[in-house]
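Turn these sequences into a full structure, and let the hints guide you.
Chains A and B are the protein sequences, given in the same order.
Those letters in the first sequence? Residues 1 to 357, per this note's numbering, in order.
Those letters in the second sequence? Residues 1001 to 1357, per this note's numbering, in order.
These aren't lab readings, by the way, just hints derived from the structure by calculation.
Computed from a predicted model, the values in this text were never measured in an experiment.
Any given hint could turn out to be false.
Calculated from the model, a selection of chain B residues having no Cβ within reach of chain A, i.e. all distances over 12 Å [unchecked claim]: (1) Ala1011; (2) Gly1026; (3) Gly1029; (4) Ser1064; (5) Asp1105; (6) Ala1223; (7) Leu1336; (8) Val1348; (9) Glu1350.
Rough simulated footprint, nothing fancy, chain B against chain A, three-plus residues with beta-carbon under 8 Å [as the list claims (entries may be wrong)]: (10) 56-68; (11) 81-90; (12) 106-120; (13) 158-168; (14) 208-222; (15) 255-261; (16) 299-313.
Think of the CB as a built atom: it goes at the ideal place given N, C-alpha and C, for glycine as much as any other residue.
Read off the chains here:
Number of protein chains: 2
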Amino acid sequence: MATGHSVRYPAADLSRYAAQLFAAAGCDGDKPNTIAAALVEADLLGHTTHGLQLAPTYLGELESGGMTPHGEPDVVADRGAAVTWDGRRLPGVWLTARAVDLAVDRAATYGVVTVVIRQSHHIGCLAAFLQRATDRGLMITIASSDPAVASVAPFGGRKAVFTPNPFAVGIPTDGDPILIDISASITTNGMAGRLRREGKRFPGPWALDATGQPTDDPTELFADPPGTLLPTGGADHGHKGYGLALMVEALTQGLTGFGRAEAPRRWGASVFVQVIDPAVFGGADAFRRETGWLAATCRATPPVPGVDAVRLPGERGLANKRRALAVGVDLYPGILEALAPFAKKYGVQELAPQSEG
Amino acid sequence: MATGHSVRYPAADLSRYAAQLFAAAGCDGDKPNTIAAALVEADLLGHTTHGLQLAPTYLGELESGGMTPHGEPDVVADRGAAVTWDGRRLPGVWLTARAVDLAVDRAATYGVVTVVIRQSHHIGCLAAFLQRATDRGLMITIASSDPAVASVAPFGGRKAVFTPNPFAVGIPTDGDPILIDISASITTNGMAGRLRREGKRFPGPWALDATGQPTDDPTELFADPPGTLLPTGGADHGHKGYGLALMVEALTQGLTGFGRAEAPRRWGASVFVQVIDPAVFGGADAFRRETGWLAATCRATPPVPGVDAVRLPGERGLANKRRALAVGVDLYPGILEALAPFAKKYGVQELAPQSEG
Chain A
1 MATGHSVRYP AADLSRYAAQ LFAAAGCDGD KPNTIAAALV EADLLGHTTH GLQLAPTYLG
61 ELESGGMTPH GEPDVVADRG AAVTWDGRRL PGVWLTARAV DLAVDRAATY GVVTVVIRQS
121 HHIGCLAAFL QRATDRGLMI TIASSDPAVA SVAPFGGRKA VFTPNPFAVG IPTDGDPILI
181 DISASITTNG MAGRLRREGK RFPGPWALDA TGQPTDDPTE LFADPPGTLL PTGGADHGHK
241 GYGLALMVEA LTQGLTGFGR AEAPRRWGAS VFVQVIDPAV FGGADAFRRE TGWLAATCRA
301 TPPVPGVDAV RLPGERGLAN KRRALAVGVD LYPGILEALA PFAKKYGVQE LAPQSEG
Chain B
1001 MATGHSVRYP AADLSRYAAQ LFAAAGCDGD KPNTIAAALV EADLLGHTTH GLQLAPTYLG
1061 ELESGGMTPH GEPDVVADRG AAVTWDGRRL PGVWLTARAV DLAVDRAATY GVVTVVIRQS
1121 HHIGCLAAFL QRATDRGLMI TIASSDPAVA SVAPFGGRKA VFTPNPFAVG IPTDGDPILI
1181 DISASITTNG MAGRLRREGK RFPGPWALDA TGQPTDDPTE LFADPPGTLL PTGGADHGHK
1241 GYGLALMVEA LTQGLTGFGR AEAPRRWGAS VFVQVIDPAV FGGADAFRRE TGWLAATCRA
1301 TPPVPGVDAV RLPGERGLAN KRRALAVGVD LYPGILEALA PFAKKYGVQE LAPQSEG
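Written out as C-alpha cells, the structure is:
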C-alpha cells in the first residue's frame, strides 16, 4: 500500500472531486468544472503552490462572501479587439479562462485581442491558461496583480508597493509550446509562506528586512514591520524587476482603472490577457519556423558545469504533466486534508488515493 | 575656455549637424531629421551608448550599402490594428519612429495597435521613442532583437543564442511619464565593449566565460571561443531573463517571420511596437489616477541604506534632458572626433562647442 509522497491520484478524479466541492459551495454553470480543471492543470504542470492547494482557500472565500459564486462579469467596454470587464469578484480562475477563450475566438479577426478584468478574484496559476491559446497556434500573454496586497518594494526602497506581479507568455512552436511563467520579483508570496512554515531559507538573498538589508530569511516578510521581496535582479540589478513590476501594474490596474489608488482591502486581482495571431502578421508557418528553430537551438546549447541539459520554459512542466496524466498526480502533502472538512460539510464523498502503478 | 567633459553643445545644433550628415550620406525625405532627433534624444536622456555615438557607425553602414538610404518600407500586411512591414534595411531609427507614429494615430480607433518590422536596420535607443506616445496619454511597448547577432546564452547554457533583446515601456501618468528601458540580459553588448576598451570590469558577475564560469571580465565576451552575457537574474535566477529573451524573440522575429532561422549575416533588427489607448479600456482618467498614485507612492518609499531617494524609471533621464536642453549636451568623449571625417568628406561644417554657461 502506498504512503506519503507515493500516493497518487488520477487527474480526472481530482478534477471531479474539486468540481463537486465548488458546485456544492454555490458556483453556477461551468464554473465548478472550469475552476477545478485549471487548478488541477497547475498541479499537472508542477506549480504546486497554485494548484489544488488554493481550493480550500477559495472555498473559504466563497463561504465568507469574499468570492462571488454566480453570474457573469459586467462588460465595461467592448471594442472588439479591446475588452474591459468588471469581474464582480467572481472566481478569477474562471474569469481568466473565459477571457482567454474570448480572445482566442476573436484573434483571427483582429490579429491582437486584449481583455482586461478589474475586481476579479485570485486567478491562480497563470501558466495553466496558456495552452488554451498555444494549442491553436496563438501567442498569449497574461499578467496579474493584486491591488489590495503589497510585498515587493520599488528598487532602492524598503517598503512594499507591489505584488510579485506575475506574467506568463505562451509561445507556440513546431512542437511543444514554450510556457514562460515569471514575475517581477525573484520569488513569490506563496513560496515565502511555504518556506517559512517549513523552517527553510531562500536559496539566496531574495528579500530585504525592514531596514533594507538583504536577507535569505523568509520570516522577515512576516515580521513587524515587515521586510520585502526583492525585485527580479535582486540587490545587483533589481531595476529590471522594478520596471517589470511597473509595467504589470499599468497593464492590469491602469488599463482596468481599478487599483491601489482605490485602496481595496479584499484579496483579488486586476488582470491583463492578450492573444496574438501570428497568421495576421508575418504568417503562422513563418512564426513556427522561427520559434521552432529557437526551441531546438536552446535545447542543443552546451550546458554550464553542473547542468545536464538546457531546457525551455515549460519543458519540465509539460513532462510532469504527461507523467502525471499517465500515473496520477502526486499531490503536495496536506491538500486533501484541508479539503476534507468541506467535503464532510457539503456531503461530497472524499477522494480515495490510487496507489502507484 | 571649457575643456574635456565640460564642453557642451546645444541639442538643436547637434540635431542639425547630424541631420546634415545623414542627408549628405543620401537619406531622403524626413529621414535625416528624424534619425538625428532620435539619436540626440537618446543623449538627452543619458543613454550615451545609443545616442550620437551610433551616428558614425550608421554613416559607415550607409556608405557600405548595409543601410538603405531612401524609400518606404514594404507593407507585408495591414489589418488596421495589426501591421507588418519589411523594412528593406532602411534606417531603423526612422522606421521605428514611423511605426510608433502610425500606431499612435490609429490607437483611438482600435484601442491596441501593433506594428512589427522585419529587416529593419538597428533602431538605436528604445527609450528615445516612448514620449511620442506618452505625450498623448498612450501606453507603449517597443521590443527589438538582432537575428544576425548572439551574445546571451539560454539560462543553463554557455553558447550565445540571443541578443540582449531590449524592451521599453512608456507609461503616462498625471505628471512625467514612466520610461522603462530594460533588457533580457543584465548588461548590453555596447556596455561590454565600452568597459573592455576602458580596461574596466562589470560591477558584478554579469557574464560567463566560454566554459560557463561566471565572470566580471568583459574581455571574455571577445575571447575565442567567446563567453556570454548572463540573462537578467544572473546565475541566481537567470531563468527570468531567459523567459524575457524568448518572449522578445517571439514578438520580434516570430511575428515578423524573419529571424535566426534565416541565418542573416548583416547587422539589423526585428522590431515590435505596440501602442495602447487607455481611453478604450477603463478610461484615460482612471489610468492616470492609478499610474499617478503609483508614481507618487514609489517616490515616497523610504530608501534602503546608501540610497538617497527612490526614483522612477526615466526620472533621471528626464531630469538629464531638462538640464541638457537648458545648458547643452555633455557628449561622451570621442563622438565628434569620429564624425569629423564624414563632415570633411561631405563638406559639412564641423560643430563648434559651446562652453558651459
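So, going through the hints one by one against the coordinates:
| no. | hint | result |
| --- | --- | --- |
| 1 | Ala1011 | 26 Å, holds |
| 2 | Gly1026 | 29 Å, holds |
| 3 | Gly1029 | 26 Å, holds |
| 4 | Ser1064 | 27 Å, holds |
| 5 | Asp1105 | 16 Å, holds |
| 6 | Ala1223 | 16 Å, holds |
| 7 | Leu1336 | 30 Å, holds |
| 8 | Val1348 | 38 Å, holds |
| 9 | Glu1350 | 37 Å, holds |
| 10 | 56-68 | violated (count 0) |
| 11 | 81-90 | holds (count 3) |
| 12 | 106-120 | holds (count 6) |
| 13 | 158-168 | holds (count 3) |
| 14 | 208-222 | holds (count 4) |
| 15 | 255-261 | holds (count 7) |
| 16 | 299-313 | holds (count 11) |
Hint 10 from the earlier list is the only one contradicted by this structure; the remaining hints agree with it.
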